[in-house]
Structures are given as structure tokens and as C-alpha cells.
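Student: Build the complex from these two chains, which are given one at a time in their own frames, with help from the hints.
These protein sequence lines map, in sequence, to chains A and B.
Going by this note's numbering, the first sequence opens with residue 392, and the numbers climb by one from there.
Going by this note's numbering, the second sequence opens with residue 23, and the numbers climb by one from there.
Among these hints, one or two may not hold up.
[What the hints assert, rightly or not] Derived coverage of chain A by chain B (criterion: at least 3 residues anywhere in the stretch with Cβ under 8 Å from a Cβ of chain B; other residues may be distant):
id : region
1  : 443-452
2  : 656-668
[As the list claims (entries may be wrong)] The calculated lysine to aspartate or glutamate pairs, modelled on EDC-like cross-linking and capped at a C-alpha distance of 20 Å, are:
id : chain 1 : residue 1 : chain 2 : residue 2
3  : A       : Lys-404   : A       : Asp-444
4  : A       : Lys-404   : A       : Asp-674
5  : B       : Lys-28    : B       : Glu-61
6  : B       : Lys-28    : A       : Asp-676
7  : B       : Lys-28    : A       : Asp-674
8  : A       : Lys-537   : A       : Asp-523
9  : A       : Lys-537   : A       : Asp-503
10 : B       : Lys-28    : A       : Asp-489
11 : A       : Lys-404   : A       : Asp-580
[Unchecked claim] Here are the simulated distance ranges between beta carbons:
id : chain 1 : residue 1 : chain 2 : residue 2 : range
12 : B       : Ala-57    : A       : Ala-524   : 45 to 53 Å
13 : B       : Glu-67    : A       : Pro-533   : 42 to 50 Å
14 : B       : Pro-51    : A       : Glu-642   : 56 to 64 Å
15 : A       : Asn-411   : B       : Ala-176   : 44 to 52 Å
16 : A       : Glu-457   : B       : Arg-124   : 52 to 60 Å
17 : B       : Arg-97    : A       : Pro-533   : 53 to 61 Å
18 : A       : Asn-411   : B       : Ala-68    : 47 to 55 Å
19 : A       : Leu-639   : B       : Ala-68    : 36 to 44 Å
20 : A       : Glu-670   : B       : Asn-48    : 18 to 26 Å
Please keep in mind that the hints were generated in silico from the structure rather than gathered at the bench.
Built from N, CA and C at the ideal position, the CB exists for glycine as well.
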Amino acid sequence: MSIYGFLHRSALKQLPECLNEAGYRCIGPRVREGAVTFGELTSIDDLPRGVGDEQRPAHYRLGEREDERLFAWAVGPQGLKSWLFTPRETLWRSRRDDDGRLYFETGSPADDRPLAAIGVRACDLAALRLQDAHFLEREPDPGYRKRRAGLFLVAVDCTHPAETCFCHSTGDGPACESGFDLALHELDDGFIVHAGSEAGERVAARLPLLPVGEEQEAARRDQQRAAIDAQQRALPGRNLRDALFANLDHERWQAVAERCLSCANCTSVCPTCFCHSHEEVPDLDGRTSEHLRQWDSCFTEGHSYIHGIVIRAETPERYRQWLTHKLGSWHDQYGRSGCVGCGRCITWCPVGIDLTEEATVICAEAGDD
Amino acid sequence: MTDERKPRVAVHKFSSCDGCQLAFLNLGPDLLRLAELVEIVHFAEAGPSNPDADVDIAFIEGSVSTPDERERLRRIRAHSGFLVTIGACATSGGLQALRNLRDSESEWREAIYARPEYIDSLAHATAIREHARVDLELWGCPVDGRQVLAAVRALLFGVPPVEERDKVCLECKRHQTVCVMVARGEPCMGPVTRTGCGALCPRFGRDCYACYGPAEGANTTSLAHRFEGLGLAPEAVARRFHFIHSGQEPFTGAGNEAAGIIPGKAR
Chain A
392 MSIYGFLHRS ALKQLPECLN EAGYRCIGPR VREGAVTFGE LTSIDDLPRG
442 VGDEQRPAHY RLGEREDERL FAWAVGPQGL KSWLFTPRET LWRSRRDDDG
492 RLYFETGSPA DDRPLAAIGV RACDLAALRL QDAHFLEREP DPGYRKRRAG
542 LFLVAVDCTH PAETCFCHST GDGPACESGF DLALHELDDG FIVHAGSEAG
592 ERVAARLPLL PVGEEQEAAR RDQQRAAIDA QQRALPGRNL RDALFANLDH
642 ERWQAVAERC LSCANCTSVC PTCFCHSHEE VPDLDGRTSE HLRQWDSCFT
692 EGHSYIHGIV IRAETPERYR QWLTHKLGSW HDQYGRSGCV GCGRCITWCP
742 VGIDLTEEAT VICAEAGDD
Chain B
23 MTDERKPRVA VHKFSSCDGC QLAFLNLGPD LLRLAELVEI VHFAEAGPSN
73 PDADVDIAFI EGSVSTPDER ERLRRIRAHS GFLVTIGACA TSGGLQALRN
123 LRDSESEWRE AIYARPEYID SLAHATAIRE HARVDLELWG CPVDGRQVLA
173 AVRALLFGVP PVEERDKVCL ECKRHQTVCV MVARGEPCMG PVTRTGCGAL
223 CPRFGRDCYA CYGPAEGANT TSLAHRFEGL GLAPEAVARR FHFIHSGQEP
273 FTGAGNEAAG IIPGKAR
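So here's chain B without its partners, still in its complex pose (with noise of 0.2 Å):
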């Protein structure tokens, strides 16, 4: 980037933890570094608040669950060059996607709340994209720094980022980790994730929760029937596939098929 003005970048919360913004803010020194390529216009968390700024780039962190999201998202989709979604909320619905496998949104809110009637929220939470046109998303709960700042790199240099879809299992034999399910019998989610965390838990001696989604290619049919082989009862099965992505496919209709979910229906 040569001429005068600096890029514009924006980082916006919709329903979520904050965790994935945390991950901007734990980039310690290289936050810094960034502050000085880039512009920060919009960044609640940090300090800046400008919610209806043109940006160049805008990050998004959580899922949509109330029309107020809904309304503020188009908004921001006028005013972005770049979309990006960052994490698990923002890109598949997240953990309060599992509201949407029970259809009942209502009963939650009346056993939750005690002032129900206060909350205005939507039938689903769900992902940004059902909503928005996203031109890059980065999974992951949360969002690893070095896929952010790798994603502001490319931007800046004004090439496509590099997508990572490769399964846990790679990278985790990269790191010569030796094997949690083969050598222990963890129900590792491993190889239908992925990538992008470093293989951080089996490295740490646990099984993956499939926090970065779906990989490419996802067999979750035979990975299912592994777990069942390694003595896990289905609704075990059922709660490894929907944990963190129950809303992404092929995991929705894995963890239903295991727990014998059929959808639209309350149990």
C-alpha cells in the first residue's frame, strides 16, 4: 500500500463471547504493528466506537439472534469493502446455534429470563452469511491471531488470502504428536476439523472439539462409527459433532443422525 491513506478497519460484535476480539487484543506487540498499517475506526472493545464508518476491512465477531443485529449487519455490509467473520459464532451460529435443533426458542427464554418479556431475540442464531455476502471467514473458538493478521497481510498486499482446510491430523503429525485416539482411544474430532489452531489440543495431550468446523472433505459418517466402536453411546456421539458448529453441515446432520434427531421436530 503506497498511497497516503491508510486502509480503514472496523471490528464489530454481534452475540458472542468477546473471545474472538480478545484474540486481536492478545496479538500484544504485533497489535501495535498493525496500528500503524492499518486505521482502526471501529472497535468497541479497544476504545474506538464509529459503527457506521466506511471501512476497507470489516471483521465480525458472533452470530445474528436479535432483529437489531439483523438491521445493524446491513448496515455494516453497505459500509465495508471486505467482510470478514471471525470465529465460530460469526461463521456456523456458534454455541447459541444450539437453540435452533430444539425449536424452541421461546421455552429457553421463559425458563432463562426472568423478565422474559424484555428479550427480543430471533427464532435461530445464526451465521452471518445467511444474512450478509461474506468475502472471507475465519473459523475457530476463537480465531487464532496469526490467521488474522496472516488474512490483514494478504489484504494489504491486495491478494486472496489463503484458505486453510486441510484436517487437524496434518498439522498434529507435523508436530509429531503422537495420536489421542489410536494411542489412548479419545474421540478425537481431529480428522473431519479444520486446521488452523496449531493442533493445539492433542498437543496438550486432548482430544479436538472441532472448534474450526468442518474440514474439506469431512467424513463424518465413518468418524462417527469409530466413536461408537470406541464405546461412546450416541447421544455421546451426537454431542461431539454439534458442540461448537451444530449449525454447519456436515456436522448438523452428522450429531443428528447419531442422536436420531429428526429436524424441525421438538423432542
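This is chain A alone, in the form it adopts within the complex (with noise of 0.2 Å):
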């Protein structure tokens, strides 16, 4: 029997407090110019506390609530990507002496200690499972199973999906059903908690849980279903391979791809996008050299350069090379399309191109054949 209780708003402080004592470097949501991004947390009064948001295609801000709620807004620019596959990382470093023999170590990692992120959403898990599959299935990535193999997960249901989500059409959200260690669902009053795991009982069971009464039950009920009912937006279909590689020449890939600045903004924001380049770094010196690994995109001319050629030179092949991968060659490669609904690619879209507009009208012909 998991644990399952009702935390007083006055005694969530008590989480980072207990997630500290359990060795744990705590992250969660703070306000970050002028965005909510997730940063070290070094009390509960580091929470966006009464701070709402507004977000439409290439559009958020920040807005003040008339009530404390810490979790009343949609997801901001960042997931939990940055935190396990990082921007940049160094990979090894290489040395030749003066006989000229190669020594190699590998990068150092800046800190050891496990991770516990705080207020992470449900197409957020969504995204770390399929980043878990890429990186930790076949070859795991070493960085990167050690930085998840510590991760304590404490997420939180969405109740205020912005205008830009659609986590409910993917079937990712807005609640979250697994893949957490504890999960809390926010009330006026406080939180219903939730332990998903034997660390999350752990943690739990020193909290001060009451027992969950009907009105909160109902509460809740009222929420996550009027979290539903606000998504505006949908993609068409769950798995749209077929449908997208029978479109590979329709004239929407031409006519997004003149208002698509190839800027690498969707990707760099979406959760699961996980292109990466490697660069090497010499020294003055040239004795020594760093090996780096960093966030790349398939809108870049480099990620389709093959010895001389570059595959994807115009806009139009790169939009539509990740519209098919993300939402189509993924069903291949991980069984289930790479979107997770979070509608960041929407909103962090500098001239607001959205993905569900897209897919939709290039997926409408296809049924029409």
C-alpha cells in the first residue's frame, strides 16, 4: 500500500528540508528572467509563489496571482533536458608528451551529488522516459545514467495548462500516472501526495500526511478534469507516420519553411530532442585538447553534412526532416511518437509556428487519398 496523504501548505517546506538530509541537491521551479525555469532551490521560499503565466505562439509572460499557489502556471523554456543531457559537457581530454604517446581521461563531472527535481509535470516524465530510451538503452551514455541513476522525481500535477498545450491529445498529461517518486496535486490549501516508489515512501513517511478527505478528493477531481477541458490544441492523431511520409512533397512543407528562421529554438526547447555535435578544442599549445559533446538540431546546416555535402542546404527539407522524425520515424525507433505535448516548440517559436497546425494540415490529405 503506497503512501497517500494530504500535506498542509504550511508543512511543504519540510520536503527540501527532508530531500537535503537524504543527500540530495534540490531543484525546482524559480522565477529566472522573467521566465519559470528550474534552479537550485535553497528554501521553499525559492518557489514561484502567486506567480501565474501567459503563453501563446512566440509569446510568454510572467503575471501576478491573487492567491499562494507555487504551481499555478504551465511549463517554461526548460524541461529537465538540460539537467541529464546537458548543453555542453566534456567528454574526454587528450594529451601527447614529448615522445608523442596519447593519454586520455574523461570529462569530470561539476557535482556528484543525486539530483531531486521538484514540480516536474507530467509530459515532462513523458519526455524523460523517451530521453531514457535513446540514451540508456544499447549503449548507455555515462554521463548521463549517472546523472539519472541518482534523480529523485517529485512532480506535480498541472492544473493551469497554457494556450500552447496539448499533453491530453499525445496522452501525456495534464496529471501524472508514473514514473515519479512522489507526486503532488495542488489545493487552495495544500497538497495531495502521492509516493511512487520505495524512495518516495521514504521520503514520505517523514512527512506530517493527513488523511485525504471527499471535498479534496473532489477538488481534485475538479481540477484535473478542467485541466483537460482548457487545452485548445490537438495533434491529429497519435502515430501520424503514415500519414506525414505519404505528404513528403505537400506544399506546406514550402510554405512553413518561409516563415521558419531555421533557428534551432524548437528543438533546443522540446524535451525529447536529443541531436548532438562533437567538437574538439586544442589547446594553444596543441598538446592538449577537449573533447566536447553539445546541443545540436536538425536545423542546422552541420547535422545533414555528409563529407563535403550538405543533405538538408534549404529550410523546407529541415522543418519537414523534424516534423517526420519527431512525430513519425520515432514510432519505429522507440515505439511512440516524440512529442509529449508540452507546446514549448509553440510558444518559444520566434514567429510562432505551431506544430499541431502544421500536422494537421499536412496529415488532412493523406485520409483524403
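Tutor: The following block contains the structure:
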């Protein structure tokens, strides 16, 4: 029987304290540069109390709310991706001695303490499962594996989806079903807490949990229903592979490319995109060198460069690559679509290109044929 | 490099503010290490003056804006193995190329100088590549010391330097900077601008002003429309594209289109 109870709002401060005592470094949502992003938490007061957000294509603004809620906003530009698949990482260093012998050493991790992330949404839990599939199966990535192994996840049900959200249509939210250590559902006066792992049970056992009342259960159901009803966007299906690949010559690819800046903002904020490039950075003396891995994107020319040829030189081909991979060939690779409905690519596209709209137009014709 | 002779390097100045030469001087300890690896035979701002020496690598700062500079560049090209332009002026004409837009060189000269007859300048201020073969261009206003050192290191290895052509946005996101355009409505040039600066301006909360010039595949038309959507007047949109690299397509055309300028006609 897993632990399930109600935590009064005033007692939430004990959660990061418990996690710190258990040896975790806590991160959670904080307001930084006008957005909610994950950052180091020193206390519960760092959380965005009474902060709301307004999102639409190419637009993100924070605002004040008239209540004390801590999680009454939809996801900001950054999920868990940057904490596990780091934007730039030294994979190894090499050194050449006077006799020409080469020596290699692995890149040093910045902080060895395991991480506890508070405030992870259902879409980001789904994205994490996809990143795990990419980085941990077959040839596990050592850095990712190490950071992932220690990760403690405090999920929070999404009660305030943005105009750009569509996780209900992808089946990934707004409520957190699995894949967490602890899950919270925020109500006016506190949180319904639910342990989802043994590590979660151990932490929950130290919190002053009360029984969950019938009214609280009803409020939770109402909020979950409202979070689904609030979503205005949807993908036209959960498996668009055949529809997309039947439309590789659709005129829409050209039309969207006239707006697309090929700037890689969408792939960078996407919590499942995993493309990266490698770079060798030699020291000036020519004896030592750092080998870096850094985020790349199918929207760069280097991404499709093969020995003297850029395969996807133009934007229509790059946008098509992104959409047909994300919503199409991802099914062959990982058994599902690569989209978790977080809507970040819509909000953070500088010109507001809407993936759900593009997919709907491009896939509509397949049904007509 | 195992031969006994150190590669010889020159740093030349043309029409410019000297800021890119300062990028060399600001390298600090790396400048001393550089001086151990190469022989700096000409760098007037730092001391050595030997403008006509034969060199393996010549760095050139500044645009060509006088007949004398045109001639001097011919001599440098003839005496140099690998020619690298550094900074906005050398790669696109820089700020001084703004005068090309109005075809009014004589008008400016009369308005600015007390004794305009002493000024001997060309009708247009232009990039080095308009006058001589250039082997590598390092962009930026000013250039980034890291890029300069990486180029020297690659040439010492005998390999072509890696060219950075992606947009600023990708680097901005690697730094997890919050987008100043989406979150604040700033008219950021990052989506069309070449990377290399480390997304310096957005990381300090301001919009990119495109000092590294156009990135590969820059969609200036779409970004100009977006700027209009953010409330910028046509003249303001034109200034965004013409500010540092008015002499470089597609920025020249994008700015002209926004301002309704017909090339070659003074307004």
C-alpha cells in the first residue's frame, strides 16, 4: 500500500529539508529572466508563489496571481533535459607527451550529489522516458546514466495548462500517472501527496501527512477535468507516421519554411530532442585537447553534412526532417511519437509556428486520398 | 610545426576602430603563449612595424575606404600565405559602409570635415574580399579572442579552421538563457545572426544586434515581419538589419526592403 495523504501548505517546507537531509541537491521552479525555469532551491520560498503565466505562439509572460499557489503555471522553456543531457559537456581530454604518446582521461562531472527535481510535470516525465530510451538503452551514455541514476522526481499535476499545451491529445498529461518518486496535486490549502517508489515512500514517511478528505478528492477531480478541458490544441492522431510519409511533397513544407527561421529554438526547448554534435577544442600549445559534446539541431546545416555535401541545405527539408522524425519515424525507433504535448516549440518559436497546425494540414490530405 | 622557423604573422589595420586588434591584445597570457608559437613581425598597435614583410598568416582589420588602402592591400596579399579578415569592417565593410547606402560620400565629407579637400577617400567603404582573395573570415564587432586563437591553432596544425555558421539562438539555448524576444518582446537579431560570440548580449538581457553578420540560411524576410508584429516602424526594422553589416547580403536587402530604399538612389 503506497503512501497517500494530504500535506498542509505550511508543511511543504519540510519536503526540500527532507530531501537535503537524504543527500539530494534540490532543484525546482524559480523565476529567472522573466520565466519559470529549474534552478537550485535553497528553501521553499524560492518557488514561484502567486505567479501565473500567459503563453501563446511566440509569446510568454509571467503575471501575479491573487493566491498563494506555487505551481499555477504551465511549463517554462526548460524541462529536465538540460540537467541530464547537458547542453555542453566535456566527454574526454587528451594529452600528447614529448614522445608522441597519447593519453586520455574522462571529463570531470561538476557535482556528484544526486539531484532531486521538484515540480516536474507529466509531459516532462513522458519526455524523460523517451530520453532514457535514447541514452540508456543499447549503448548507455555514462554521464547521462550517472545523473539519471540518482535522480529523485517530485512530480506535480498540471492544473493550469497554457494555450499552447496539448498533452491530453498525446496521452501524456495533465495528471502524473507514473514514473515519479512523489507526486503532488496542489489544492488551495495544500497538496495531495502520493508516493510512487520506495525512495518516495521513505521521504513521504517523514512528512506530516493527514488523511485525504472527500472534498479534497472532489476538488482534485474537478481540477484535473478543468485542466483537460482548458487545452485548446491537439495533434490529429497519436501515430502520424504513415500520413506524414505519404505527404513528403506536400506544398505546406514550402509554406512553413517561408516563416521558419531555422533557428533551432524548437528543438532546443523540446524535452525529447537529443541531437548533438561533437567538437575538438585543442589548447593553443597543441598538446592537450578537450572533446566536447553539445546540443545540435536538425535545423543546422552541419546536422546533415556528410563529407563535402549538405544533404538538407534548405529550410523546407529541415522542417520536414524535424516533423517526420518527431511524429513519424520516432515510432520505429522508440515505439511511440516523440511529442509529449508540452507546447514549448509553439511558445518559444520566435515566429510562432504551431506544430499541431502544421501536422493537421499536412496529414489531412492523406485521409482524403 | 616541427621545423626550426616559427610561422610569421602580421596584423594589419585598415579603416576601423582598432577594436579587433584589441581582441588580440586582450588575450592576456594567451598572447604571450601565442608569441612563443609564432613570430609576430608586424603589429603596429602592439609595437612591431614591418608592413611589407613576407608572412605565413596575415590578419586584416578594417575596410577599404581610400585609394591608398586599396594599394596597400595588394602588396599585403602578395606577401602573405594565408589571409584572414578579422571583424565586421574587414568582412563586410562595417559601420562605415552605411555611407554606401546613400551614395553620398562627397555630401558627408563636406558636412563633417573642416578641410574636406584633405580627405582622399573612395566612393564606397568595402570589405577586404572585394579587393583581394580572402582565405578565412572571422566575424564580429569585435572578433572573439577564442575564435582568433582557434584559427591560429588550426593553421599551425595545418588543417582548415572550423567555420561557425549556425544562428546565435542555438548557443543562447545551450546557455539556457531565456529568449528576450519571446519573453520580453525585444527585437532580437539572434535568429538570423551567425554564432561565435557565445550569445553574449542575450545572456546579459539585451537583444542581439547582429554584429557577427548573417548566419547560414538566414530568413530575414520572416524576421522582419516578426519585428513589425512587435511594433517596430519600418525605419526601425531597417536599422536593425543595416546597423553593423549594411554591406552584407541578405542584411542589405532586408534593410532596404523594410525602409523602401531602392538601391543606388539617394533619398
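Student: Work down the list of hints and note, for each, if the structure agrees.
Tutor: Now the hints, each set against the structure:
1. Residues of the region 443-452 of chain A lying with their CB closer than 8 Å to a CB of chain B number 4, which satisfies the three-residue condition for coverage.
2. Counting residues of the region 656-668 of chain A whose C-beta lies closer than 8 Å to any C-beta of chain B gives 3; at least three are required, and the coverage claim holds.
3. Restraint check for Lys-404(A) and Asp-444(A): not satisfied, since their Cα atoms lie roughly 23 Å apart, outside the 20 Å limit.
4. Straight-line distance between C-alpha atoms of Lys-404(A) and Asp-674(A) comes to about 47 Å, which puts the hinted pair past the 20 Å bound.
5. The straight-line distance between the Cα atoms of Lys-28(B) and Glu-61(B) is roughly 6 Å, inside the 20 Å bound, and the hint therefore holds.
6. Restraint check for Lys-28(B) and Asp-676(A): satisfied, since their Cα atoms lie roughly 13 Å apart, inside the 20 Å limit.
7. In summary, the hint linking Lys-28(B) to Asp-674(A) is supported, as the alpha carbons are separated by about 18 Å, within the 20 Å threshold.
8. Note on Lys-537(A) and Asp-523(A): the hinted pairing holds, with a Cα-Cα distance of about 12 Å set against a maximum of 20 Å.
9. Restraint check for Lys-537(A) and Asp-503(A): the C-alpha separation of about 9 Å stays at or below 20 Å, so the hint holds.
10. Proximity of Lys-28(B) to Asp-489(A) is assessed by CA-CA distance (about 19 Å); at most 20 Å being required, the pair is judged to hold.
11. With a C-alpha separation of about 14 Å, the suggested pairing of Lys-404(A) with Asp-580(A) holds against the 20 Å cut-off.
12. Hint check: Ala-57(B) to Ala-524(A), Cβ distance near 51 Å, so the stated range 45 to 53 Å holds.
13. Between Glu-67(B) and Pro-533(A) the C-beta distance comes to about 47 Å, which sits within the given range of 42 to 50 Å.
14. A hinted range of 56 to 64 Å holds for the C-beta pair Pro-51(B) and Glu-642(A), which are about 57 Å apart.
15. Roughly 47 Å separates the CB atoms of Asn-411(A) and Ala-176(B), a value that falls within the hinted 44 to 52 Å.
16. The supplied range of 52 to 60 Å is met by Glu-457(A) and Arg-124(B), whose beta-carbon atoms lie about 55 Å from each other.
17. Remark: the range hint 53 to 61 Å for Arg-97(B) to Pro-533(A) is upheld by a beta-carbon distance near 55 Å.
18. The hinted range of 47 to 55 Å is satisfied by Asn-411(A) and Ala-68(B), whose Cβ atoms lie roughly 53 Å apart.
19. Between Leu-639(A) and Ala-68(B) the beta carbons are some 57 Å apart, a value that contradicts the proposed interval 36 to 44 Å.
20. At roughly 24 Å, the beta carbons of Glu-670(A) and Asn-48(B) sit within the given window of 18 to 26 Å.
Going down the numbered hints, you'll see the structure goes against 3, 4 and 19, while the others check out.
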